[in-house]
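Top line first, the protein sequences correspond to chains A and B.
Heads up: the first sequence is residues 950 to 1196, going by our numbering.
Heads up: the second sequence is residues 33 to 302, going by our numbering.
Please keep in mind that the hints were generated in silico from the structure rather than gathered at the bench.
It should be emphasised that the depicted structure is a prediction, and the values quoted were computed from it without experimental measurement.
We put the beta carbon where it would ideally sit given N, CA and C, even for glycine.
Check before you lean on any hint, since a few could be wrong.
Unchecked claim - Reference listing, derived: stretches of chain B covered by chain A, where coverage requires no fewer than 3 residues with Cβ under 8 Å from a Cβ of chain A:
id, segment
1, 59-66
2, 198-204
3, 223-230
Said to hold, decoys possible - Here are the simulated DSSO-like pairs of lysine-lysine, each with C-alpha atoms no more than 30 Å apart in a straight line:
id, chain 1, residue 1, chain 2, residue 2
4, B, K253, A, K1128
5, B, K302, A, K1078
6, B, K297, A, K1069
7, A, K1128, A, K1111
8, A, K968, A, K1193
9, A, K1070, A, K1111
10, A, K1070, A, K1128
11, B, K242, A, K1070
12, A, K1069, A, K1111
13, B, K297, B, K242
14, A, K1078, A, K1111
15, A, K1062, A, K1078
16, A, K1188, A, K968
17, A, K1069, B, K302
18, A, K1062, A, K1128
19, B, K253, B, K242
20, A, K1070, B, K297
21, A, K1193, A, K1128
Unchecked claim - A few chain A residues that don't get close to chain B, going by computed Cβ distances all over 12 Å:
id, residue
22, R1031
23, F1038
24, A1056
25, L1131
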Amino acid sequence: MNSESPIIQIENVHKRFGKVHALRGVSTTVRRGEVLVLIGPSGSGKSTLLRCINGLERPESGRVIVDNIPLDNSSEHINAVRAEVGIVFQQFNLFPHLSVLQNITLAQQIIRKRTPDESKKIARALLAKVGIPEKADAYPAQLSGGQQQRVAIARALAMNPKIMLFDEPTSALDPEMIKEVLDAMLLLAREGMTMVVVSHEMGFARAAANRIVFMDEGALIEDTTPEQLFTHPREERTKQFLSKILE
Amino acid sequence: MADPASAKPPPARAGRALPMPDWARFPWWVIILILAGILAATTIFTSADYTSIITLLSSGIYLTLYVTFFAYALALVVGLLAGLMRVSRNPVLNTVGTLYVEVVRGIPLLVQILYFFYVIAPALADRTPEPFDQLFRSEVNMGIIALAIGYGAYLAETYRAGIEAIPRGQMEAARSLGMSYVQAMRYVVLPQALRIILPPLGNDFVAMLKDSALLSAISVKELTLWTRQRSANTFRPLEHWTIAALLYLTMTIGLSLLVRYIERKFAIPK
């Protein structure tokens, strides 16, 4: 398939939470291999948009199509998309009753139907990749935040996703642990993974992003390259926001 | 920047909201009970009367334990199904689950047992071909089912509380990995919820053992009915009821200790 073809298509998506109009007609596409960073003030709708991509939120109107599968009311479609899209949450959401290894093998065995040996081998390789091979038998509560988040990345990667979503992956971490998580994400970006990242880590955006999108009040305000956005922001709202987070 | 060691957050303070001195946390009640038990045992085994009473009443223990184990096992299943209905977003399932819980919890357990045995069971038996109707005419079987239905409603609420105590992110993470709702419940949410509700589940087990005495009302010859008949026949209520109370106490304390052991065994490593 053409590497330039869009893998995520978002068309005129609206979403309301009660009276809050979280997304107001958002449209965009993400191409294969693209790394897209979403920034914007809290409540601007960036997490909601991200969660629409794997069906954790359902748009009221508009369409989301992932890898040619429409996210409609069919649970078959939703599960098919979810198996292709990995997500990493701000709060890690590891399964606390399972060891690190079991966290990574569970979905492999029940969704991908891999054997225990096969799934363990994959899990160990991914733990080595994110830099914590020695933690396979630990439990989530025994790990630091940075280690937990790297396990969460390995857990998502074990499903061989075509797309990885990151919802503020470093916001719950102590400062000295942010780098180890960003390094793992950077490695992934270099390998050509399609990524959509909600994050205010501008260092990461500069180093890895092809595109950066500024959102405010449920709409895409500016959609450009990191250099362009940091040096010549077009919109007044973007300038104000950048001046706050870059100071 | 401060050196990394000192930048680490302080370890979360372990312990209870209401601290107690060490001597007060020692299980003195166990010591007192053991002393009382030794006293009771010497009285019982040095007196021929008591020895014969305990031998006679022991036959009731078997039925008490039998009824409790089966009724509890059934109640665990009924309660799980009803609890899952209560957390379901399907309006039909949710309504059925809520209706069951509210109706059953609003009627005294003794009335439920009598109603089930004298109204529902005969109606079912009359509509069942022989010889299967005997199933509905057995007071032990019907007693087990009545207890299970009564306790199922309480267990349903316990399950619901446990499931609702699991952060929403757990379900989201499981679903995001491609699991169905049922798979996410089975592998991620329920295993965690069960660990949380182990203490109340254990309490209900002990409570059911005590409530099995209510089955004496439908002539299930468990420990209480047995004691009642013996003490009436012999005109010796003091000895019989004292022994019965001690036997119940021994069983409930044994079960409590068992539940504590299970709780520790399944604790999530920290």
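Taking the hints in turn, this is what the structure says about them:
Under a criterion of three residues with beta carbons nearer than 8 Å to beta carbons of chain A, the stated coverage of the segment 59-66 of chain B fails, only 0 such residues being counted. For a cut-off of 8 Å, the count of residues in the segment 198-204 of chain B with a CB near a CB of chain A stands at 4, and the three-residue condition holds. Counting residues of the segment 223-230 of chain B whose C-beta lies closer than 8 Å to any C-beta of chain A gives 3; at least three are required, and the coverage claim holds. Taking the CA atoms of B:K253 and A:K1128, the gap is about 70 Å. The hint is violated against a cut of 30 Å.
Of the pairs offered as hints, the one joining B:K302 and A:K1078 holds, with about 25 Å between alpha carbons and a cut-off of 30 Å not exceeded. In summary, the hint linking B:K297 to A:K1069 is supported, as the alpha carbons are separated by about 25 Å, within the 30 Å threshold. Under the criterion of a C-alpha separation no larger than 30 Å, the hint pairing A:K1128 with A:K1111 is consistent with the structure, at around 24 Å. As the CA atoms of A:K968 and A:K1193 are separated by approximately 28 Å, the hinted pair is consistent with the 30 Å bound.
Between the alpha carbons of A:K1070 and A:K1111 the distance comes to roughly 20 Å, so the proposed pair stays at or under 30 Å and holds. Distance hint between A:K1070 and A:K1128 is fulfilled; the C-alpha atoms sit about 27 Å from each other, no more than 30 Å. A distance of roughly 51 Å separates the Cα atoms of B:K242 and A:K1070; the hinted pair therefore is violated under the 30 Å criterion. Between A:K1069 and A:K1111, the direct Cα distance comes to roughly 21 Å. Compliance with the 30 Å bound is thereby established for this hinted pair.
In summary, the hint linking B:K297 to B:K242 is supported, as the alpha carbons are separated by about 26 Å, within the 30 Å threshold. At roughly 18 Å between alpha-carbon atoms, A:K1078 and A:K1111 fall within 30 Å of each other, so this suggested pair holds. For the suggested pair A:K1062 and A:K1078, the alpha carbons sit about 23 Å apart, so the restraint of at most 30 Å is met. Restraint check for A:K1188 and A:K968: satisfied, since their Cα atoms lie roughly 28 Å apart, inside the 30 Å limit.
Distance hint between A:K1069 and B:K302 is fulfilled; the C-alpha atoms sit about 23 Å from each other, no more than 30 Å. As the CA atoms of A:K1062 and A:K1128 are separated by approximately 34 Å, the hinted pair breaks the 30 Å bound. Proximity of B:K253 to B:K242 is assessed by CA-CA distance (about 14 Å); at most 30 Å being required, the pair is judged to hold. Note on A:K1070 and B:K297: the hinted pairing holds, with a Cα-Cα distance of about 29 Å set against a maximum of 30 Å.
The suggested pairing of A:K1193 with A:K1128 holds, with an alpha-carbon distance near 22 Å, which does not exceed 30 Å. Chain B draws A:R1031 into its interface by the beta-carbon criterion, the shortest separation being 5 Å against a cut-off of 12 Å. Not every CB of chain B lies more than 12 Å from the CB of A:F1038, the least distance being 6 Å, so the non-interface label is violated. Remark: the non-interface label on A:A1056 conflicts with the geometry, its nearest Cβ contact in chain B lying 4 Å away (cut-off 12 Å).
Residue-level check passed: A:L1131 sits 17 Å from the nearest beta carbon of chain B, beyond 12 Å.
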